[in-house]
Amino acid sequence: MKTMLKPFAAALVAATSLTAIAVVTATPAAAETVLRLDEVAVGELDPAKATDYADSMLMFNVYDTLVLSKQGGAGVVPHLAESWTISDDGKTYTFKLRKDVKFQSGNPLAAEDVVFSLDRMKAVGQGLSYLFANVEKAEAVDPTTVKFTLTRPDSPFISALLRLPIVDKKLVVQNLAAGDGEMKDWGQAYLSTHSAGTGAYKVVSHNPQELTVMAKNPDYFLGVPAKAPDTVRLRYSLEAATVRTLMTQGEHDITSQWLPPEVLKALAAGGTQLLTESGGSGFYIKMNTTKKPLDDVNCRLALTYAFDYEAGIKMVAITDKVSQGTPASGPLPVGMLGSLPISDAYQRDLDKAKKYLSECKYKPEDFTLELSWVGEVPLEERFALLMQANFAEIGIKSEVKKIPWALFSEQVTKPENTPNISQVFVNAVTGDPDTLIYGMYHSSAAGTWQSPEHLKDAKVDELLDRARTETTDKERAATYTEVGKRLRELAPTIFAYDQNAVFAAGNRVSVPALSDKSKAFGLSGMGFTFRLMEMNE
Amino acid sequence: MLPVIRLLAKRLGTSLIVLIGVSMLIFAIARVIPGDPARIALGPNASAEQVTALRERLHLDQPIVAQYGYFIADLMRGDLGISLYTNRPVTKDIAEFLPATLELVIASGLMMVIIGLPLGILSARYRNSWIDNLIRLVTLLGVSAPAFVWAVILMLLFAYFVPLFPIAGRVSDTITVAPVTGFLFVDTLLAGNLRAFGNVAWHIVLPAFALALSGIGQAARLTRANMVETYERPYIEMAQSYGFPEKRIANRYAFRPSMIPSLTIIGLDFAALLGNAFLVEAVFAWPGLSRYGVAVILRKDLNAIIGTVLIISAMFLIVNVIVDLLIAFINPRIRYSQRAA
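Line by line, the protein sequences are chains A and B. Per the working numbering, residue 1 is the first one in the first sequence, and the count goes up by one each step. Per the working numbering, residue 1 is the first one in the second sequence, and the count goes up by one each step.
No incorrect hints appear here.
Under the rule of at most 20 angstroms between Cα atoms (straight-line distance), these lysine to aspartate or glutamate pairs were calculated in the EDC-like manner:
hint : chain 1 : residue 1 : chain 2 : residue 2
1    : A       : LYS414    : B       : ASP36
2    : B       : LYS92     : A       : ASP185
3    : A       : LYS122    : B       : GLU49
4    : A       : LYS414    : B       : GLU49
5    : A       : LYS122    : B       : GLU56
6    : A       : LYS397    : A       : ASP295
7    : A       : LYS184    : B       : GLU56
Pairwise CB distance ranges, derived in the manner of DEER restraints:
hint : chain 1 : residue 1 : chain 2 : residue 2 : range
8    : A       : GLU365    : B       : ILE64     : 44 to 50 angstroms
9    : A       : ALA178    : B       : LEU12     : 31 to 37 angstroms
10   : A       : ASN536    : B       : TYR126    : 53 to 59 angstroms
11   : B       : ARG333    : A       : GLY250    : 55 to 61 angstroms
No lab work stands behind these hints: they were computed from the structure. Glycine included, every Cβ here is placed at the ideal spot set by N, Cα and C.
Turn these sequences into a full structure, and let the hints steer you where they fit.
See the structure below:
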C-alpha cells in the first residue's frame, strides 16, 4: 500500500510546492493605480466601426471629438473645436479648432485630420457612419478651420459629431495596408490594434476578445488629473460568477451593466457601490401594427393598459433606491429633449383595457398572440411571461416564443413574418432624440429590429422630418412632444420602462459622472471617461 | 515498410479525407444557420446598401459551390479570411487563441493520466476495500457532473471561500510575458522568468482540474474495471503462486494489458476536451479558441467558424493518430497486424 501511494504523494508534494512558489512569487510589485473593468466582447478599437458599449468606452478615451456631451444637461459643448457657426440655411457648419491639441504620436491636430476622419468614416461605411449620410463634404478652410456642407438642414448633425472621433491622418497614412484606391484599406488593419487619437489614454495592448490595456497620455491637451487611473485594464466577456468572485476578492473595480439583477443585488448587499447611467435608452415592447389583431388601435390600447408597468420595474430593481428601469411616459426617456413629463407615465388600468378590447374589431377568442423574446436576452423571457399573465386577465390568449437575434433581425424585415409582439432595448447613439425615435417610427425606417411595428403614419413622419430642420431646441422640443402625444394615441408600442444602466463598483474608485446627476453626460458610455475618475488609494 | 510507418500513413490518409469532409459539412452548415452574416457583422444600424456591399465582398451573393471554391483557393494560400467578429484575419485570431486552449487541454490531459490511471490501479489493487469504494465514489462524482459545474464549484471553494487560486486569465496583471510561441509555459522559460512560470502554473490549476475531472473519473473507472478483469486471468494467479511481488504483478502483468482501452478513452477524452473547454474558458476568463469558437458561431462569422472547426477537427485527428500509434507501440498484435494486412 505504502509503495502504491508513493507516486501520489510525490505528485501532491510537487503540485503543492509549485502552487506555494507561485503564490509567494506572484506578489504585485507595481505602485501605479490600475482600474479594472469588464464589458461584453468584442472591443472594437477602430473608431469608424465603433457601435457597442465597449467600443464607446474605448473611443471616448482614446479619441476626442469636435464637441462633447454637456455634463448635467442636454446638448453639447466645444471640445476639439473652440467654436462653430451655422449658416442661415442650416446647411453649412464651420468649426474653429483649438491650436494646442496634439495627437498621441506628437503630430499636431489640423483641419485636414477632421476632413480625413469624416472621409474615412464614410469610406469604411460601417458602425455609425449612417449618421453622416447627409454630409456632402468636409473641407479644410485653413489649418484650424473646417467646414461641413450638408445636403439639407439637419439639426441632429451637431450631436452626431459626438460619434466622429478625430484620427491622426499622418500616422494612419503611414500605416495603410493592402486595399483598393489611393487610401488602400483606410488604415483599418492598423487601427484595429493601434490608437491614433488625441485622447487622454493610449492603447498599450489590445486583443478584441480578451483584454485592452490603456495608459495615461501625459501630453493630453486638457491634462489628466493625478488621481485618474494610471492604467486601465478592460477585460471582455467575464462570466457573472467570475465577476462576482473577483469583486469580492477586490480584484475588479467596475462591473459591466450586463450582470443579472441578482448578482448586482448580492454585490450591493456586500457593500459595493452602485453606479448608474440613464436618460438615453428605453425598453420597448413593440406591436406589429400590420397583422391581426394588432392592426386595430383598440386592441393595442387594450394591451397598453393591461400591461403591469409596476411589476416590470420591480423585476429589474436592484435595491429600494436603484433600479435598471424607471417609469416611462412615452417614446423618449423622461428628461430627454421633448420628452413627456413623468406625470404622464403609464399605469395599469384593467377597466380601460377591457373597454378598449370591447371596441376592438377582433374578439379575444379568435386569436392567439405571439409574444417573442430574443434568446440572447434572458430578461425578455420574464417580460414575455409577465405579459402572458397580464393579457390573460383580460381574456387574451398568447404563446411565448424564443427567437435568436439573428433570426429576429431577419424576420422583422417583412411585416407578415414579424411577431405580434417583440421586445427591444433602443439607445440614442448620439444622445439626440432623433437617433432614438426616427429609426423606430418614421415609415421610411420600418422593418428593422428597431421598428417591428411597421408603423406608417403621415403625421408622425411629418413631425419627425420637421424636427430635423428646426434650429432651436425650443422648437424641436415642442415637435418631439407632439410626436410623443401622437404615438400615445396610436399605441404601436408599450413603453415598458426608461432604462438605467447599473454598474457595481468597488470603493477604491469614484466615478462622479456615474454617481452625481449634475456631472452625468447625456450620452451612453461617456460616463466611463477615465480621466474624470478618481482612484482612492 | 515498417508496420508503424504503414499504420501512420494509413491513419494520416484517412484523417485528410475526414478533414475535407468536415470542411464541406461545416461550410454548408454555417450557411444554413439563420441570420445574414453581413447584417450581423455590420450591426443593427447598417443601411441596406452597406449590407449588400459586404455580402458582395464576402461572395455571399454567389452560389454555395462558387463560395466553396473561393474558400479552398484562399485556404491553399493559408488565408482563412477576415473574422467579422474581431475584424482581424482568422489565422491571427487562431494563432492567438489556440496556444491558450492547447496549454489548458494538455494540462488537463496530463492530470487525467497522472491522477486517473494511478487511481484506477489503486482501486483495482485494493478492490472491494474502503480505498476502492472511496475512489469509485469520488470518480463517479467526477464523471457525473459536467466540467462547467466543477468549474463553478472549484471557483467557490478555492477562490471565493478560501482564496487560494486566481480565477481569471492566464497570468497575473502585474506580470508581462513577451510572446514568442504563445504558450506561456514555454515563453516564460525562454525568458528565464521562473516567477512568471510559477504564476502561469498557479493560474492553470483550477481550470485544468475542472476540465480534467470527468476524464480522470473515466480513466480511473475504466482502468479499475479492466484490471479487475485481468486479475482473474490464470497468468496472474500463476505469478502470485510463484510469489512475484504484488507491485510487480499490478504494474507489469495486470496494468499493462488493461491500459489499451484506458488509453483509447483518454485519447478520445483528450480530443473532446478541445470542444468541452469553452464553458471552462468562459468561467475562468481563459482567452482560448473554444470560447472564440462559440462567440463566432453566435455571430455567424462564417470564416471564423470554418477556421475554428477545421483547427479543432485537425487537433482531434492528430490526437487520435498519436493514440493509435501509442496503442500499436504497446500492443504488438496491432503493430504486426499491419504487416499481415
